[in-house]
Each structure stands twice: as structure tokens, then as C-alpha cells.
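*Asks:* The listed protein sequences derive, respectively, from chains A and B. Our numbering puts the first residue of the first sequence at 1, with every later residue one more than the last. Our numbering puts the first residue of the second sequence at 1001, with every later residue one more than the last.
For the record, the hints were derived by calculation from the structure and aren't laboratory data. Treat the hints with caution; some may be incorrect.
As the list claims (entries may be wrong) - Simulated crosslink set (DSS-like; lysine-lysine; CA at most 25 Å straight-line): (1) A:Lys145 <-> A:Lys115; (2) A:Lys176 <-> A:Lys166; (3) B:Lys1332 <-> B:Lys1363; (4) B:Lys1105 <-> A:Lys235; (5) B:Lys1145 <-> A:Lys38; (6) A:Lys145 <-> B:Lys1299; (7) A:Lys235 <-> B:Lys1166; (8) B:Lys1235 <-> B:Lys1363; (9) B:Lys1038 <-> B:Lys1225; (10) B:Lys1166 <-> B:Lys1177; (11) A:Lys115 <-> A:Lys211; (12) A:Lys176 <-> A:Lys225; (13) B:Lys1363 <-> B:Lys1389; (14) B:Lys1054 <-> B:Lys1086; (15) A:Lys299 <-> B:Lys1145; (16) B:Lys1235 <-> A:Lys166; (17) B:Lys1105 <-> A:Lys145; (18) B:Lys1211 <-> B:Lys1105.
There are 2 protein chains.
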Amino acid sequence: MIHVAVLGYGTVGSGVVEVIESNNEAVSAKAGEEMHVKYILDLRDFPGDPYEDKVVHDFNVILNDPDISVVCEVMGGVGAAYQFTKQCLEAGKSVCTSNKELVAKHGAELLEIAKNKNCSYMFEASVGGGIPIIRPINKALTAEKLETISAILNGTTNYILTKMEKEGADYSETLKKAQELGYAERNPEADVEGHDACRKIAILSSLMVGKNVDSEKIYTEGITKITPADFAYAKAAGMTIKLLATSQASDDGSVMAMVAPALISREHPLAVVNDVFNGVFVTGNMLGDVMFYGRGAGKLPTASAVVSDVIDCARHIGRSSIVCIWDREEAKLVDISETEKVFFVRAEASAKAEVEAAFPGGKYLTAEGRTEDFGYFTAVMKEREFEEKCAALGEKILNRIRVA
Amino acid sequence: MIHVAVLGYGTVGSGVVEVIESNNEAVSAKAGEEMHVKYILDLRDFPGDPYEDKVVHDFNVILNDPDISVVCEVMGGVGAAYQFTKQCLEAGKSVCTSNKELVAKHGAELLEIAKNKNCSYMFEASVGGGIPIIRPINKALTAEKLETISAILNGTTNYILTKMEKEGADYSETLKKAQELGYAERNPEADVEGHDACRKIAILSSLMVGKNVDSEKIYTEGITKITPADFAYAKAAGMTIKLLATSQASDDGSVMAMVAPALISREHPLAVVNDVFNGVFVTGNMLGDVMFYGRGAGKLPTASAVVSDVIDCARHIGRSSIVCIWDREEAKLVDISETEKVFFVRAEASAKAEVEAAFPGGKYLTAEGRTEDFGYFTAVMKEREFEEKCAALGEKILNRIRVA
């Protein structure tokens, strides 16, 4: 019998209990042993809840119970969650989590402790919700040198961009709708400013290069400046706009990572990743392109991913099932201002000559019904140079978006 | 040191050797031990080949060498490949394969032998080439009850259909081009008649329900009857045509599986799976929809998948790393003639009244430039009834395609 403890009885926590109980036969068969939730840690009581008798308020009950071999940390945050996770691992109990903030911040350290204590720290649910992405990167693509990752990692912003595109609505109006539908938080900053996607690409990048990629050093730009006018030009160019999290490994071990809106071709597989769905597009040196697609959030998909990790731990009691390499050594992040790309600019109609002079060799773009502004693709140029030119043009530049 | 033997030095076999050697540092790090190819079994000699000294002609050299713990069977076929695989597993040597024909036919038996002998039989490369699909189904989606799989599993037919759609070319002309480019075999039957996709969906279906799904009992229809006219109507309906392999698990353990061309919406994620790419769209009871996308064939992608299995075996020497459930018991296959769906028919312009009488409650479809025929979507109806009506209408029905 595998006894599991769940830390935090919120949305994901109750989902974890539900998955283990609803799919108990399948889950136990896959684990090779019967599996049950023994404790649920939460500060609150849940009178009337079918599992109210499992609720405990003292973490030490779980820590000191030798029956407990696997713990699900689904509390979130980097305070108590970090302390509890560390204590569990040090006691040889495996921890499975959906807490991307903690994984991004302390993943390397927690993995090291787990390996030393012959247990596991697993975080399939921390990126892409229910989409199997961490495990394929670690286990299926082991024969690969991964070269690039381009991903849509945040369902809230993807929902907003999809609606803006399809309905021609503006950003704040669409955000408000998303909040009403529960797709965006009341304080949407972590999503719309790109921080959530940034933590996730930091995790994927760390696994790609085997060293620690510090999420706080990744250039991150949100979607708040995207307008229906930008979508009009994107459409005219056969493209769409997505909040892309990208990461590229160099041969010298350095990483070029960023989170920013980007124009991508309608033909690109990521272009059909719409609404709250996520997509992770990975290129390996042998394999070429692979994409993983699915619901990036939600109670049951995320819980399902946590439980897949619990099953993996259950099959490896007494030894670590960790196969990833994620050292504590910091990976060098490339200064993006020295990287080159094509940029889309939308500028005042009166500024055509100036824009063309600033960005020679580019291409004009017209869109139906747009007269007060125009679109323009620059030639390939350095970020730094582009920024300088934009600064000089000042408010004549209405918006600028990178082209993927 | 992990010593590997490769059975068959053809395209995939030479790819396996190349992946293990080119990515040796990464591969060995992931395996936890240095890994090398000790033998290559082939009837031919390879003078001048960098690995010619590893080539042996006698399988017993491999079977009787206690150093060899992992064998890659990349010979193909169900004759010698079956005998060799069985002998290796019975000797406790793990076998990794890309041989879908053998997996579809004898997978359940070979898995049973491997489990009994504490070794593994692994076949990530047998479906979807380099796309991680077998391992996610077995390991990542373990907390799920999988309900349906819809997939594009054959790159050759997908390439042909993509070209027909984009260039308006007819089937035989496009097949000829595909053969010139090496995307189709000189004898293309296994691909264009759907047999290759059928074997792959049989494997996925077996893993989905945990019982053996006999590929020979799966209804299979190829793409040879698809015409540019069908694409014209598909386009008018906002759809495209794909060779879909589908499988659906019922609560009573039975399976509804088939391979046939189908009209699918342009909005469906499988609609952007173009050219030689494959896509596997899976629905689980907790997770909802997930899709895996990538190159379904090719030397290095396939070899990369074989080597990911070799690494898994290397990490589990002396014990089985098999987690899938695939019993020898036969799964019951649902008679598709009793299933219901919408059908597209293309019929002679003169037969409008008869078509509408035969299929009441349907919807007409017009397409630019088409005058000699018309398109029609039937209401939802049983396959059997549809076939009877079509038979009665005879040659007035020019083509019929299921709607997904």
C-alpha cells in the first residue's frame, strides 16, 4: 500500500485527491500497489467534505509518519512550500509538485537533495499543466541534444490574444471578460506581464542545458501593449500574434531565453494553439521538430500530471526516479540586445519616410481599413540597434513586435 | 559500460549507431554509464564503413555474449526478427525496436516474456517515429483513463494528401512525385492502403485498453480514391482531408478502431499536421485533449527514439522497465457498421433529388468551379444504413468520405 499526503487542499489539491480516488483501479494498477491518500494538510477544516477525516493541520504529522512515502506539494509559493519540500526530501519522502515558482527558484537544490536521499523531486505539472512535457524531455528525448524550445506556456494570455484576434476586441475589454470567466486572476500581472511563462521557460531551459537558468535574468515582456491594429497587420501578413517563450542552447553552454509577444506564421504549428491551450515546440539535433499540445492549466489536467509523478515515485520507492540533469551551476544567459531578428513596427502614416530611413531594406505592410498607420517589417537587425532607432523615432512608432 | 548490439544495418540501424556515437557524451550521461555498440548483425559486409569491425553475421555471437544487455532489433519483418527478439528476451537481454509489424503482431507475448525474465521489450520508435508517444502514454498519462485517440500516423499518405490539397494535383501524379522524392516506396501499398497506420493504431489501442487489439480485424481504408474534387468541397466547408487512425475505448472494455480518410475541420489541431509529419491526438478522462506532433519517420528521428529506449533499459539492468499493461487477452472490436456518424458524399449533379431522398435532413455543399457534381453532408446515421443507400444509388455517388 502506497500512502500519499497532499499539502494544500485548494483547486489542484482537491483535484489530486479526486484523480487518485476516481481512477483508483487504474492508478493502483500502474503504481503496482494500491494507492491511497492518507493525509491532506490544510489550515482550514472542511466539514462535510468526503475526505474531511484526512485533513490535518500539523505538517509534522506527515513528516513523522513512516508510512508516507510520497508527498504532493500543491500549496504554491516559495515560503512554507519550500521548507516542507526540503524537510520531506531530507526524510527520504519523494515530493511531486505543480509549484512552478518553487521549481524555477529552488529546483536544482531540491533535485540534489532528493538524489542524495534516494528519493525523487518531480514537477511534471509545473509546466504545461496536464501536457506531458517534463517527462518526455527527461526520458523520451534522452538521446537528443535539444537545441531550441518555442512555447506558448500561459493559458490566460493565449486566451486573451485568441479572443482579440477573432473578435477584434481590445486588450482591456478582453482581459475583463477573461476575468469574469475565471480565466484570468483579479490581479492578472503574473500572467499578462509574462512572469508565469518566464518561470516555465526557465524550468525547461534548465532541463535543456543541464544547468540552472535564473528566471529573474530572462528578458520578459507581456501582452498589455498589443492592439487590434497589430492583429490587423498580422492577418494581412498571414500571421498571428502569440506570447512566445523561447530558449536556444549554444554549443558553449550559454542560453538565449526570452518571453515576448511575437508574430508567427499561420503555417506554424503553434499558430493553432488557441484559447487556454498551451503548446511546446522542441527541436532536437536528431529528431527535428516535435510539438506537445494540450490544456496548460485547470484542476483535473494539472492534478492528473501530479498523480502521474506520484505513480512514478511509487514504482521507485527507496531509490530516485530522477533522470534529469539540472546542476546548481548557473547557465550563462546571452544578452539579447546583441541578438538579431526581424521586427514588425506599426507607425504613424505620416512617418513613412523616417521609418524607411531608419530601417532600410524592410517591407511595407497594408491592412484593410487602416489609414492612420502602416505596418513595416525591418530587415534582420540587432535588438540594440533596433531599440536605438525606435527611441529616436519616439511616438511616431505606435508599436513594435518581434517576428519569430 | 553498457554494450549494445544492433540487429540490422539498414537505414534505422545505421542511424542508431550514429546517434549513440554522435551524442555519446549526452547518451552515456543519461544512461548513467558509458554506452557503446559492440556488434552489428547483418548478412552483408560493409568494407570501408567506420564500424565495419563490429559487423557479425552470426546471431549466436550476440546471444551468447554475456556483455550484451541491450539489443536493438531494427531488421523489420516478423520472421527472423521475431525469433531473435524472443531468444534475446528469454536470455534476459532487453530488446528495443522500431518494428511496428512485429510489435502489432506479437507485442503482448514479447512483453510477457520480458516481464518474466526481468528485462524489457520497448517500442517507442514503432509509432510516430521520433515523436515521444508510447512513453507518454505509458508513463506520463498513467493517472488517466484514455478514452479516444485520433491520429495521423503515416507520413507518406499525409505528404500525398497535403500536396493534393495545396497543388490541386490528382492522386497518381502526386504518388509518383512522392516516389521520386523517396517519400513513398516503389510498392506503396502498405502506406496508401492504410496498413501501416493500421498496425500503429493497433499498438496504441492495445496500450489504451490493456488488452490485445488485433490489427487484422481493424477496418482499414486507404487514400487511393481521394480526388482534387473532394478537396475542393472540403475547402468550401472549411475542412481538409486526412487519413485518420482512430480508436475509442468503451466502458465495457471493447474498442472502436478504424483507419480511413476523413474530413476534419481546419480548426482542429490535426489539420496543421502537414507533409510527412505525424500527429497523435489523445483524450483522457481527467486531462482532456493532448496532441503529440513531429516527424513520423526518417533515419535519425526513428533512431533517436530507439536510443531513448536503450537508455531506459540501461538504467534498469536486471529489472524490467516496462510499465504498460498489454495482456494477451483479445480486446473486443466493435462492428463499425453499427456506429453512427456524418458522411460527405460527392454525387453527379443530376442526382440531387435521389441523394436528398436517400439521405434526408442533410446539407448541400457547393464549391467554386464544380458544376458536374455536388457535395452533400448527410445527417448522423449508421454506417450500415449509409452503405445500403450508397449501394442503391450506384455510380451516381462519385465518392464518400467520413466526417470526423
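*Asks:* Could you check the structure against the hints above and give me the numbers of any it violates, in ascending order?
*Replies:* As far as the earlier hints go, 3, 4, 9, 17 are violated by this structure, in ascending order.
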